[in-house]
Structure formats: structure tokens, C-alpha cells
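Number of protein chains: 2
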Amino acid sequence: MVNLRSLFSPRHMLVLSAALNVSLVLKIIRQRREKVSRISMEKPKDAQIAEESKTEASSIQNMHPTPSPLAVNGGDADDGRNVINLDHGDPTMYERYWQEMGDKTTVVIPGWQFTSYFSDAGNLCWFLEPELAKEIAQLHKVVGNAITEGRHIVVGTGSSQLFQAALYAFTANDASEPFSVVSAAPYYSSYPAATDCLKSGLYKWGGDARNFTKTGPYIELVTSPNNPDGFVRQSVVNRSGGILVHDLAYYWPQYTPITSAADYELMLFTVSKSTGHAGMRIGWALVKDQSIAKKMVKYIELSTIGVSKDSQLRAAKVMKVVSDSCGASARPRENFFGYCHHLMAERWKLLREAVKQSGTFSLPEFEPGFCNFFQCLFEPLPAFAWLKGEGGVEDCESFLKSHNIWTRSGRHFGVSPSYVRVSMLDRDITFVCFVKRLSQIHLG
Amino acid sequence: MVNLRSLFSPRHMLVLSAALNVSLVLKIIRQRREKVSRISMEKPKDAQIAEESKTEASSIQNMHPTPSPLAVNGGDADDGRNVINLDHGDPTMYERYWQEMGDKTTVVIPGWQFTSYFSDAGNLCWFLEPELAKEIAQLHKVVGNAITEGRHIVVGTGSSQLFQAALYAFTANDASEPFSVVSAAPYYSSYPAATDCLKSGLYKWGGDARNFTKTGPYIELVTSPNNPDGFVRQSVVNRSGGILVHDLAYYWPQYTPITSAADYELMLFTVSKSTGHAGMRIGWALVKDQSIAKKMVKYIELSTIGVSKDSQLRAAKVMKVVSDSCGASARPRENFFGYCHHLMAERWKLLREAVKQSGTFSLPEFEPGFCNFFQCLFEPLPAFAWLKGEGGVEDCESFLKSHNIWTRSGRHFGVSPSYVRVSMLDRDITFVCFVKRLSQIHLG
Chain G
1 MVNLRSLFSP RHMLVLSAAL NVSLVLKIIR QRREKVSRIS MEKPKDAQIA
51 EESKTEASSI QNMHPTPSPL AVNGGDADDG RNVINLDHGD PTMYERYWQE
101 MGDKTTVVIP GWQFTSYFSD AGNLCWFLEP ELAKEIAQLH KVVGNAITEG
151 RHIVVGTGSS QLFQAALYAF TANDASEPFS VVSAAPYYSS YPAATDCLKS
201 GLYKWGGDAR NFTKTGPYIE LVTSPNNPDG FVRQSVVNRS GGILVHDLAY
251 YWPQYTPITS AADYELMLFT VSKSTGHAGM RIGWALVKDQ SIAKKMVKYI
301 ELSTIGVSKD SQLRAAKVMK VVSDSCGASA RPRENFFGYC HHLMAERWKL
351 LREAVKQSGT FSLPEFEPGF CNFFQCLFEP LPAFAWLKGE GGVEDCESFL
401 KSHNIWTRSG RHFGVSPSYV RVSMLDRDIT FVCFVKRLSQ IHLG
Chain E
1 MVNLRSLFSP RHMLVLSAAL NVSLVLKIIR QRREKVSRIS MEKPKDAQIA
51 EESKTEASSI QNMHPTPSPL AVNGGDADDG RNVINLDHGD PTMYERYWQE
101 MGDKTTVVIP GWQFTSYFSD AGNLCWFLEP ELAKEIAQLH KVVGNAITEG
151 RHIVVGTGSS QLFQAALYAF TANDASEPFS VVSAAPYYSS YPAATDCLKS
201 GLYKWGGDAR NFTKTGPYIE LVTSPNNPDG FVRQSVVNRS GGILVHDLAY
251 YWPQYTPITS AADYELMLFT VSKSTGHAGM RIGWALVKDQ SIAKKMVKYI
301 ELSTIGVSKD SQLRAAKVMK VVSDSCGASA RPRENFFGYC HHLMAERWKL
351 LREAVKQSGT FSLPEFEPGF CNFFQCLFEP LPAFAWLKGE GGVEDCESFL
401 KSHNIWTRSG RHFGVSPSYV RVSMLDRDIT FVCFVKRLSQ IHLG
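Going down the list, the sequences are from chains G and E. No gaps in the numbering here: position 265 of the first sequence is 265 in the UniProt record's numbering, and each next residue is one more. No gaps in the numbering here: position 437 of the second sequence is 437 in the UniProt record's numbering, and each next residue is one more.
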């Protein structure tokens, strides 16, 4: 016989009530958005694009969307004067998936939570929420993109902080000269400034790893798939005693085939590019060596005394939903990576068509690889397009800027200004506007 | 006539449902805690103290509590073997107030929120949530402890990050030698390590400001009220061209009389010590000079690409409740600062009694000051006790450690090891256990 008392326990009532809440929250949000879209003529064009995108997103019911052709071919009113800002890798593309998932990842945090600095005083990383540690390990297990067994997890305020923690951890306070920090060009544009901003005596930016000839200790940053160009990478210096830091922010199946579980000394990940929650500022490092993990923790202790527990809590919840969405019992069309992979494939198809139509640019071509996660062969679908100006376009950033398309010049990545990096992760409406405008750019 | 439709709008239903949720959440938490306290014999003693404290806190109904005497005089079973850790300034004392306030500061964050890095792209501090900026200004206005008009607000991952951002902002990349960073001893124990950890070429720890004789540019850190000793401070170097950074983390009426609205070049604050939410990692700077604010933003961009939006949202909500609790329409016994001031006064009374009873230690004596916020005269009630060993106790930290009381030695603060810093902000049960044990320490 069913125990009625347990059916109406506070826990059950809470679930019911939370579900009610979320549907109400969503209803209010939708009402607000409708209101916003009605008054959007008063707003700057850029904000208008964003708001319209949100409205559009909330009205899409199909979980495997085909958003773009309609908008491109439809009667949109792009007169070329709106600024399309694709300079940053702002992952607002992901907003729609999470809207569709509704209440599943809503968190409720009571006011008395998190008065302490400590999350787990007994753990090496004392500011890591145990729930987050568990979900990080589970997600890597589900995706198969990194080994977590026997590794120390260090959480950071985004992977940027962990990158600096790694530099601090690998270098020596009593070294006679700073360690060289190198990466093969084109490298992530923030590396030089983030390395040199404080003129550290521990480390110093050493430039393109391919031209690195200096003797002495060095740290090579290997970003794979690479930001900005999307290619899978290995270290290039290959000198004994070299230290490798692997930035695997984009090693997820929506972007690239998962060919094996990564097994490096120090690997960096971030929710910004995996689940799309850049505003949380949560990254994590998987670290083999305990003494290195300890020094990283020390650095984060000195620089920020830990990492937001609110965001750790949310990140844990979001990761759990992602892992669960990949399970056998989940509805296939809710599979997070399937959904996002589909979206990226659509976008890359549209972009390649636009580039062809324009005739003024070129894009990298990728070899397909077999993905253990999807159990199929596919070509990489990077989070950034590494666009090259052809036919005499020497400064591609300025050229695109004259068409009100903001991108980031190749010179920030240590290469020629004929290249630009373009974010592929903005909201649908922005992306669609971009490809349409790009397709209409013709030289001469 | 009342519009019934509007009475049952989604918004109203949400409020009702949220209230229901929170009471259910609290019920479940209480059930869990009761369960935990039942099984606490299996846990380490330290964890046991914390859990018991939580259980006790949730059962206290009186908003102006008199927690300590009962516990001290009651049949508690402290055999002196439990470690009482008061080394860190972990502000868990505040947990109880927020528990009593129930649902007022609960935040609900849907999964689709915060996919973007940006909070307010048009603002100088582009990662600052507008709601937080508003509540920071409002709280300072209510308390009267700092001028915010015409200042730039820069948010940071705790004030530690803002301290480093300030060093970056005030120094010059092309300077011939590093700026000296000084502070009058006893100074905050983290300053030397946080300044020198990366061996920066921009700045270098210069020690006690009172002994500072080096020529060249310098930055003086003025912590007022001071951590560790609680005294109100002014700069001591007074040399032309000197740069001042005011750390006002403790300039709140639960700790010290608010004698005027602070009006310095750069002022640092944090929720850790104002509302007690250390786990949020939210601090803010009020900055006069726009170019300095811009450089601070640049530093935070390079080091963590902004600050957790989840925690900013929570901090805004908590601050609003604090401001509202001080309003004329609020119930007096819910006044946040009144509640916490009362608690601090109780604790200092107990501590002074224990010190007297022991005869082995001494404490600083403070002059009373008139507080504009409370409109009365009172003596400072610092967040730390600056305890001095007397009668031959030369190493007070080791001496107390032999009694299983963990504190921080004066040598970390640039002074004699006969001093220790003791946190006054731990949970009731820990604090009560501490004063009782301290009162029983007699030399010889």
C-alpha cells in the first residue's frame, strides 16, 4: 500500500512547489520579453538584436532547431548599419538550450548559505564544493574527454585564474631568471598580456613556441582544439624539462571529435565553453602532481581566497543535467551535446556558404575524426571561425569593421592581420545577420 | 473594487509559492540537521561543534539573543581536547541572523541566466551587475560610512582581488623600480605574501610603514578599523606623492562607531565582513579617479574576466535586505546592524571577563566614539581580538595551541609573537567554548 504520508512529505511538496515556481518565473519572463520587444524601437540597435534573439529563442519549440534559413531568407531589415560584435567569444548561443530545459537547472539559494570561506576543509582544494567535484568527474566520465582518476581537481574563477595559478605553481621563487612562457602561433590573444601584466620575476612571455630558441626553463601552453583556429594540437617545443599546460576548454563533442580521454600533467577546462555559462566564472584544473595542485590552491588563496560558492553550486547543477541528458533514459532530443553539435553544424554550413558566396574570404579546412562520444566521424566545428581575407584584403579586422562587423585581428594572436577571429557562439539572430552580411561583401 | 485577476496573477502566485518553498526548504534542512546531530558522534569533534552550532542557531527564536551565558554555565562537555580553530576570520557568526530572516534573501536563478560575460557593456566596469551597483550605493547611504557620489564602483572576487587590482592600477609599467607597498604594523597578515607572490616588477612589499625610509614612489595600505588590532587608523608616512589605499572592510556599525562618511581616493569593502557572506567572494572598490578605475577593471579582466554574476545577484539581494532592515518601517529587532552589534557587544563582554578571570592575557582598550548611525556613544567591538600573552608568555600562538586553541601569531602581522589574533566571528558554540577554556588558563 502506498504511504500517503510520504507522498505528501515536505520533500515532495517542495518539488511540486518548485515546479510551479519555475513555470511562473518563465511566464513572467516571457511577459517581460514580449513587453521589451514591443518597446525595442526605443533601444540602441545592438541591444535590440539581443532582445529579439531572446524572444525568438523562447518561441522555438523544436529541440533540434533549424533557426537560420528562415531568418536569412525572411524579411529581416538589416541595412548594414547595426554593429555586429563578434570580437569576444561570448557564448550566448547556449541560452536557448537552457531556456528550453526550463526548471531543470534552477537553483534556489537561501540567504544563510555560504557565510564560510571553507567548502571542504579536509580537501587539498579547501574551497572546492564537494558537489562540484563529483559532477566534474561524472561529466568527464560520461563524455570520455579526460582522465580524472587519481587527479586533483582545483577550481578557479574561470580558467584564466587557473592559467595564472599554473604559472605560479610550475615556476620557482629562487630561479635565476624567469621561466619562458610560449605557445605556437596563432595563440590565444590573452596569453601575452595575462603573462606579463604584473612584470613577474617568475615567468615571462616568450612568444611563438615554433620560434623558441632560448635556453632555460619554459612552459608551453597547448590549447587543443586551438583558440583561434580550431585545430587539434600537440606540443611543438619538445625539449627535455619543458613543462606543458593543456588548455582543453574546447575539447567537447559539440566542437570536435572526442578521440581519446586526455591524460596530461595539467588540464584546464571551463563552464564558459562547455555548458555556455560564462557569467558564472567557473573553471577547473585536473592536476596529476599533488605539490603542483597545492601551489595552485595557494595562488588562488592569495589572489581571491577561493571561488564563488554560489557559482560552484550552479555549475554542479548544470553539469549534472548535462550528464543526465546523455544517459540512456534521457530523451534523445534533449541530449546537450547532440543539440549543440547540431547547432554548430548548422552554423558552419551557413558560414561556409556565405564565404563561398562572398568570394572575399577563406576558412580552414579540417580532417574528419572519429568521435568516441557520438560514435561517428565528423569534421571539427570550432567555437571560432578563423577567417582570412583574400584578394588583397591585408587588414581583415579593419575591412570587416568598415562593414560594421567587429572581429579580432590576427596580430593579437601572433600572426598576420589578414586573419580575424570571429565568434561562432553568439545568439541566433546575431549570427544569422553576420552570415547574411558577410555573403554580400564583394571586392571591387 | 479589488481586481481579483491581478490578485491571482503569476507574480502573486510566485510570491506565495516561493514562500511555501522556503518554508519547505527550511523544514527539510532542519530535519537533516536533527539527523546529523543524532549521528554526530561518528564525526570529528571539529565538525561536531559546527553542526551543533547550526542546530542550536535554528532553534533560537529571540532575535536579540543572549546565547552565551546559558551555554557557558550549562553542562557542556568541553574536556579541552577539541580543537577550537580561530585562526581565520571565518564570519559564520552571521549565519544565525540570516537563518532568522528566512526567505527574505533567498535567490532563485534559472539555468539560462548568465551565459554572457557582460553585465553592463556600457559601464566602465562592464562586469558589474547594475542591481549590485545600486544596492552598494544605497547601503552606504543608509549607513553613512562612505561617499559614493561621483565614484566609480569596481566589483571584485573579494576585496583581495581588488587590492591587487589597486596595486596594478597605481603603479607604472615603465617605472625604473618597483613601487614600495607599506602598511603600519601590526598589518593584515596577507599583505606581504599577496604583494610579493609573483615577484612583480611593478611593486614590492616594503614592510612596516612606520619604519619606511626608502625614497621613491610608494603605496600605503591603511586598514581602518585595523585588522588585527581594531584601532581606527590614518596614514603614517605622510610624504608627498604617496598613494593611499584604504581598506575599510570593518568600517561598519557592528564593529566601530561610524563617525563620518569616508571620502578617500580608493576605498575597499567586502560582503565577507559586512553581511557575513564570505563564501560569495564579493568585494567592491569606490574609486575617485576614472583612469585608476579603468586600470583596475583591466586587471580583473586579465586575471578572471570579471566576477561571478550569481554571487553579485545574491550580494545585491542581501544588501537590499540589510538596507531595508534599517528603515523606519522595519521591525527594530530585525535591524541587521543592531542585531550584530548586540552580538559583538555580548561577545566582547564575555571575552573581557574570561581574560580577567585567567590573568594570563591582556586586550587593547578603546576610546568610545559617537556613532552617527546608532546615534550613541560606544567603544569599538572589533572582528578580531588582539590578545597579548602576559607573565612570561613569549610565544602566545604556541602557548594557546597547547590548549588546543588555534590563533594567528603576531609575527605574521609584523610584530612580536607575544600577540595573537583571534577571530570573534565564529559560531556561538565555538566562541563560547573558547572563552570558557581561555578563562581557565592560569600560569604556574
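Some clues are possibly wrong.
Stated by the list, open to error - Calculated cross-link-like contacts (lysine-lysine; reagent style DSS-like; alpha-carbon spacing at most 25 Å):
| # | chain 1 | residue 1 | chain 2 | residue 2 |
| --- | --- | --- | --- | --- |
| 1 | G | Lys204 | E | Lys298 |
| 2 | E | Lys199 | G | Lys295 |
| 3 | E | Lys104 | G | Lys104 |
| 4 | G | Lys199 | E | Lys298 |
| 5 | E | Lys317 | G | Lys298 |
| 6 | G | Lys317 | E | Lys204 |
| 7 | E | Lys298 | E | Lys204 |
| 8 | E | Lys199 | G | Lys214 |
| 9 | G | Lys204 | E | Lys204 |
| 10 | G | Lys199 | E | Lys295 |
| 11 | E | Lys199 | G | Lys298 |
| 12 | E | Lys295 | G | Lys204 |
| 13 | G | Lys436 | G | Lys388 |
Claimed, not checked - Simulated restraints on C-beta separations:
| # | chain 1 | residue 1 | chain 2 | residue 2 | range |
| --- | --- | --- | --- | --- | --- |
| 14 | E | Asn404 | G | Glu149 | 36 to 44 Å |
| 15 | E | Arg81 | G | Gly150 | 51 to 59 Å |
| 16 | E | Lys298 | G | Ala172 | 26 to 34 Å |
| 17 | E | Ala121 | G | Val232 | 31 to 39 Å |
The hints are simulated quantities; they were obtained by calculation from the structure and are not laboratory data. Ideal Cβ placement from N, Cα and C applies to all residues, glycine included.
So, going through the hints one by one against the coordinates:
1. At roughly 19 Å between alpha-carbon atoms, Lys204/G and Lys298/E fall within 25 Å of each other, so this suggested pair holds.
2. Restraint check for Lys199/E and Lys295/G: the C-alpha separation of about 15 Å stays at or below 25 Å, so the hint holds.
3. This hinted pair checks out: Lys104/E and Lys104/G have alpha carbons roughly 23 Å apart, not beyond 25 Å.
4. With a C-alpha separation of about 15 Å, the suggested pair Lys199/G and Lys298/E falls inside the 25 Å cut-off, and the hint holds.
5. Taken as a hint, the Lys317/E and Lys298/G pair is broken in the structure, with Cα atoms around 31 Å apart against an allowance of 25 Å.
6. With a C-alpha separation of about 42 Å, the suggested pair Lys317/G and Lys204/E falls outside the 25 Å cut-off, and the hint is violated.
7. As the CA atoms of Lys298/E and Lys204/E are separated by approximately 20 Å, the hinted pair is consistent with the 25 Å bound.
8. Restraint check: the Cα-Cα separation between Lys199/E and Lys214/G comes to about 22 Å, which is no more than 25 Å; the hinted pair holds.
9. Proposed proximity of Lys204/G and Lys204/E is supported: the alpha carbons are some 18 Å apart, at most 25 Å.
10. Under the criterion of a C-alpha separation no larger than 25 Å, the hint pairing Lys199/G with Lys295/E is consistent with the structure, at around 15 Å.
11. Taken as a hint, the Lys199/E and Lys298/G pair is honoured in the structure, with Cα atoms around 15 Å apart against an allowance of 25 Å.
12. Note on Lys295/E and Lys204/G: the hinted pairing holds, with a Cα-Cα distance of about 21 Å set against a maximum of 25 Å.
13. The straight-line distance between the Cα atoms of Lys436/G and Lys388/G is roughly 17 Å, inside the 25 Å bound, and the hint therefore holds.
14. The hinted range of 36 to 44 Å is satisfied by Asn404/E and Glu149/G, whose Cβ atoms lie roughly 37 Å apart.
15. A hinted range of 51 to 59 Å for the beta carbons of Arg81/E and Gly150/G is inconsistent with their spacing of about 35 Å.
16. Between Lys298/E and Ala172/G the beta carbon distance is about 28 Å. The supplied range of 26 to 34 Å therefore holds.
17. Taking 31 to 39 Å as the suggested C-beta distance range, the pair Ala121/E and Val232/G conforms, at roughly 33 Å.
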